[in-house]
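*Asks:* Chains as they are written, first to last, in the numbering used here: chain A, 650 to 995; chain B, 14 to 287; chain C, 10 to 352; chain D, 7 to 654; chain E, 5 to 144.
Since the hints were derived computationally from the structure, they do not count as laboratory data. Mixed in with the good hints there might be a few duds.
[As the list claims (entries may be wrong)] Pairs of lysine-lysine, DSS-like flavour, derived with a Cα cap of 27 Å:
1) A:Lys943 - C:Lys79
2) A:Lys676 - E:Lys139
3) A:Lys915 - D:Lys29
4) A:Lys676 - C:Lys79
5) E:Lys139 - D:Lys637
6) D:Lys520 - E:Lys139
7) B:Lys166 - B:Lys227
8) D:Lys443 - D:Lys89
9) D:Lys532 - D:Lys520
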Amino acid sequence: MEKVLSKKAFPQWVKKLESYTMYLPRKDGDFWNYEVIKNPEIIDLDYLNTVLSPKKIIFPQREVLLEFSTSNEEELKINEVLPEEAQSVIFGVRPCDAKALTLTDKVFGGDFKDPYYWKRRNSTALVGLACNTPPSPNCFCLSVDGSPHSKEGLDILITDLGDKYHAESFTKKGDDLLNLAKALFKNPTAKEKKDLEKIQAESKKKIQRQIKDTKKIPPKLKDMFDSPFWDEESLSCIRCGICTYLCPTCHCFDINDEVTSSSPIKGERVRTWDNCQFPDFTMHSSGHNPRPDKAARLRQRILHKFQYFVELYKNYQCTGCGRCISKCPVGIDIIEVLEKARDYGS
Amino acid sequence: MDHNTYIPKLAKIIEIKEEVGGARPIKTFRTQFLSTNNFSFHSGQCAMLSVFGKGESIISISSSPLLKDYLQFSILKMGRVTSSLHEMQVGDIIGIRGPYGNSFPVEDWKGKNIIFIGGGIGLAPIWSVLNTALSIKKDYGDLMLIYGARTSKDLVFQEELEELRKRMPVHLSIDVEEPDWKEFVGFVPQNVTDKKPSPKNAIAITCGPPIMIKFVIKALEGLGFKDEQIYTTVENKMKCGIGKCGRCNIGVHYVCKDGPVYSWAEFKKLPQEY
Amino acid sequence: MVNLEELKKEASQILKEGKVKYIIGFQRGSNGLLPVPAFIKNPKDVEKLVWDPTCVYNLTLFLQDEKRKKTKEKEPDERPVGIVVKGCDSRAINVLLQEEFIKRDDVYVLGVSCENTGVLDEKKLAKKLKGKKAKKVEFGANDDFVITTEDGNIKIAAQEVLAERCLECKAHFPVIYDVLIGEKTKRNVENPFKSLEKIESLPPEERWKFWKEQIEKCIRCYACRSVCPMCYCDECVADTINFVVTPDTSAEEKAQKIKWLEKSPVSSENFVYHFVRAIHLAGRCIDCGECERVCPLDIPVRFLNKKLEKEAKELFDYDVGFDPDKPSLVSSFKDDDPEDFIR
Amino acid sequence: MKRTGVFVCHCGINIAGTVDVKKVSEELSKHSGVVHAEDYIYACSDPGQNIIIDAIKEKKLDNVVIACCSPNLHETTFRNAAKTAGLNEFQCEIANIREQCSWVHKDMEKATDKAIKLTRSAVQRVRRNEPLEPISVPVTRRALVIGGGIAGIQSALDLANTGFEVILVEREPSIGGHMIQLSETFPTLDCSQCIMTPKMVEVSKHPKIKLMTYSEVQEISGYVGNFKVKILKKPTYVYADKCTLCDECTKVCPVAVPDEFNLGLTARRAIYIPFPQAIPATFTLDIKNCPGLLPIACGKCTDVCEPGAIDYDMKPEIVEEEVGAIIVATGYDLYEKELLTEYGYGKYPDVLDGLQFERLLSASGPTMGKVLRPSDHKEPKEVVFIQCAGSRDPELHCAYCSKICCMYTAKHAMLYKHHVPDGQAYIFYIDIRSGGKDYEEFVQRAVEDDGVLYLRGKVSKVFEDKGKIKVWGVDTLAGKDIEIDADMVVLATAMRPSKGADELARKLKIAMDKDGFLAEAHPKLKPLESVTSGMFLAGAAQAPKDIPEAVAQASGAAGKAISILSQERLYHAPTVAEVNVNLCTGCGMCVQVCPYDSLSLKDGKVEVNEVLCEGCGTCSATCLRAAIQVKNMTPLQVNEMIKAALGG
Amino acid sequence: MAEEFEPKIVAFLCKWCSSAGSDLAGVSRMQYPPNVIPITVMCSGSVSPLYIFSAFNKGADGVLVSGCHPGDCHYIKGNFYARRRIALVKKLLEYVGLEPERFQMSWISAAEGVKYTKVIKDFVQELKPLGPQKKLRRTQ
């Protein structure tokens, strides 16, 4: 379904969707972050990319898997805690972040479907916003099979046409959202369609960064496991978790019991994001650590994204959002690392 | 929606046996599910055990899948969860989810000789497949166990081993000389070389500390075993057991899901990161 | 005026003479203005060295890696490491000496003066430039910065684009060094704790609201800790990500590890983390401001540390990082320390 | 899982009256790991202890918590019971539900709830206690006594007579302290010197006593049973063994300075013997007042010294000694003149302090026992004694009572009347404190037999007027102002800790109270012990006291020291700090805070000297990395206790 | 009528002075509210800031640290270190907006049963109007 909506009417559309829980990027200091919309009147789609991607809504940093309790030693009870059944809409999802969800879909799908993830994923509609201008100076979606107006993973893609939005729905979930406010939408004219094409073409040119010959990288990486390259590249790494926590495709997690009462025992089993850059991530309880240093951990991050994942799912596990570059405290630049790897030894 | 695999089934500890004491104690637990048991598994698979309030730990199942009465786990006291397991008593409740991972291709091995080679707690995963093979012994050729530990006190399943001797050759070893020790003194790989199992129509399964595995494989290669004839199991830190939490991978392999059982032929190809 | 050539010359010389193992300095990077750390072994690579207002890092952080590496080596190279430090970084050296984390002979300090200014706050500059892209930033002659943009050079008074901490810095030049490049300048800082006033003057409930909002944002990426030159503990007591385990560590020890806080990034746990960090940095934080700069969520972490720096000064007349021979703030006392809060 | 037993004591109705002990025991029986919980009427009784012992044995308990009175009372009882049953003493902990709960609350429900939390908290702790054995150290079987006054002398003699070697260190050239300055002593009026000198001689002749006069303790290290002491022996420039006491030297010495022994009422030379009976009996050259030795400015004394006993080249000497116990008997000094100006003290020569008056009374004193005014050597006919001069005056001077002044003022007035029967003695007092054997009778004797006039009230002003000392005061009983034209005023000056005692206390690491007296470890139950084990207190160093009390305490302190020295080995509480070397970075902050120097850095890691450590835990709170903790009071235990206290 | 709020208070008392002072209050049968659960530690100098953060995290409405008066410390100077450390912790907690009443320190000697009673009474009284401490408490 392809429609056009005047910018003025946008808040009215949002208002019509009141039965949904709605998220929109909101400015907080110098940055943008997703928040639940409380007031549909104040809506601003002119934003840079958020610090955290919408991953944090579908796969929250902390979620309770189950609760346990004993009234005395004998009666131990456990109680599954699934996310609440609530239909949600996330507005303004950047195509890279939407694509990232298609990648986490692969991980949380497969033989064991993750019920927590899928419950949220299925009940959430993603309304994307095409990047007419790149939302970050470090965007490089074109180099990783993405595009600034990619529809992958989205239910609706909105493109700013100046005084109006072009909105295209790709799924039933998307159609439903448009149908809730039918009167506000018009069918696009031929000119509007042409404008759209033009904007889309121009937007690609504005992307400032790229990886050359991305395709050559996975096979190259495959032979670089034992290379001293990783020691050199990781010298300045400070072992923080920014690159992975901010990454829209990273999905690693930890499971811990949080005890609220120790006698009688009561508590929750909690899943939290975890991070391959943290030392104890892979450390056995014996103290043995298969990835003992930051070189091994940087290698894991790069290989996972550009070799293992490619081998397993035929996709890069990177959508070029540029967050890890922009926020790395010491300027480690994944584009540079990959290009250096590609050219390493040659 | 599929069954939520994160929710463990509750099970009662019905028997606890102290295998090894001292600073690195090992206990064997037998557990029974509280509700009806539809937990079916294959030898080599693991289960995620919960001590509620402490967390989870992945443990290989040491009983044979043919035994339906209980699940058996032999556990070395190592960290937070295993320490609380060691504090538990008969009647206490734990959680079990799984089974996870792949298993030994016992069906493919029918008609073959099997040599089981274990070190320390590494006998636990072997125990399941050994007992399976033993219970349908006619399907297999000659069975042999080569097992060793640091001292005679560190050997697990000591009573069962005595029973086992009646049914198949059992070769034990300890690392250093002890009075009254009549069997081999030395490391497990040396015992392998010493006992010279034949590679002919044989499969060797080895489990134990990484350094032992490495040298057992060398010893087996020395005896003429091919990579495809050697099987081993791998351990890594795990949280989910289903290939999602991201920490147990060796290259593209998630040990929890694609392992823990590997033929040496497959395993050789993985990056050396374990 | 800091002469970059002088720095390079000195660096090249000590490398050639074999006086140092290698030199930790700054070089240009690929993400905008942000430089990257340079680890230079070969004298010919000294050409990469830069020193300008974009050099925000406190490179003393990397002395931790150096120490860890050295303790693992069987026959370690005992030569010092050359390190480029600014005023604040040099105070970190002093604290590390005070705590015997390093010995004086472990470092060859290449001190660089901040030219009476300091380092750049990129966000402030971006606002000033209104969309124009800066290609290069250099120290000017009159407490200003010379910014190279697509449309040529412009000069901006340093005060307008300086990092907050530099506006409150007490010494814009290294207080400990083996060579000093540039001059010891003297700028009077009227109130080194001025930036705190805004929060301090809020009524308590407003202050709570402010901090709760900030601390709630924390995703516990631990970048603030990872970037801190004082956070050199092998295992942080407020940790959920790193444990020191040796073959001798007993199962009991591991099992009884105290969880002062949960891994969940919720307000209560985040507060414990930030409290512990703040209190453990009391009397140790030299206000390099790196924790705040690297925070991806823009949490004003520095204001926690700065507050305790202020209290240490006002209550106990304690200055951090000026005297490596003094006992630390919390391992000393005076008979007349204030006790008006005690019943 | 460790098996814990909980025993809740009723303490008759002391606990059970306010706390529902049945409920406490019932709730605790549900606590994870508690396999046995019961209540009993008197847990500390023999049957009560047996119940605990039996339960430990029968139920194979690994540890027990007794919820009862304060651990200060019965912790030892129950720990011994636990030991009898085969547990380590640290596998028993006390939950104080009496002093901290039942006695201070009335609401049964709330008190019970609190008792449950207190008990749970103790359970959480005891389950994580490690069994510890006392740390054993050999004992150096010698003692050091600091101070050669009556207390120090008594301690030294008691120790030496028991057979232990003693080093007696005295700062002045002679032992004897203040007691040797006194004339007669109350209430018996026997001659002080007559009873003191035999003891001094005994000290000097005792084969087990090494007397070091004109010496000061300079440095001390070590711990109970094994102290190392450095003693500075100041040069006297006179060899005692060569000196024949001919006194030729003083005749030629050109210097005259106020004589300390007579409190400035007379003068002495730079080379002098403090008093005729001085021990050791020898002269001392007071370098501060000598015209000069380097270079020799005078040299007259050595010229006349026939035996050649004077040696200008004598050097200070540091003597190192090892001892197992230390008795500190540094005595007192009088309140400083400069601080007590309102009575004209230090301004008018005829306003004297108590010790000066003692010298006037003394047969060996400057006036050969005649009471004469220092100013004109006339016999005073009207003498005003002012009690509490500097004592009991929290606003301006010392808040405490100097204790002995009531008695010695009565004695002074009485003796004055004996010397000057026609004179009049007035005593201004706040009230009379005469507790002590025969003390009250003594005061009565002064009033009734000797006609001493007691005036209850304070003196407002003392000033010189026409050769008299005018004393303005008030008689609060009569309710009228009083003006006396006195010939002499004697102040019962407050007692202060001896000068330099504070510095010594810091060296010894023993605490001082707010007035600077050395602090005892417990005001009631450990009055002889200092807070540092192996160091004991005797005499006025600890608080103002009279001679019999000082002697009693000195003997007591000697007894305490003997109880250490008589042992082959000593046992030290094992709840000491331990280091996790994996976490220690060697920053040395704990070393800086340790009050006992028990921590040191070695190869970049901290080491604990377990014998020195008292287990205070300041190190553990200081350490940023949780690399040091005190055994059985670890952060893990405290955290568990916090949880239990908050009901979590 | 709604039940009156009863604050939960954790008190870290040094063994030699403050805990002994609380014993004296008991021996003297002084009465004070039962809201305080004392934890006896060896010395106020051993109270780590972590204990305080932990107590608030685990739901304490108030925390008290009590030691010997300056100069009276059984361990000579432990309380001086405590004074410095606690001052910093207090400033920090107040800075983020925790009510100053919630975290207090006192000097209570073994002889001051009366003072102990008063400190506890006052503390409870001051906490009551504030209601439960939710700011730093772990959400359950």
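*Asks:* Let me make sure I understand: some of the numbered hints might not hold for this structure. Which ones are they, in numerical order?
*Replies:* Result: hints 4, 5, 6, 8 break, sorted rising.
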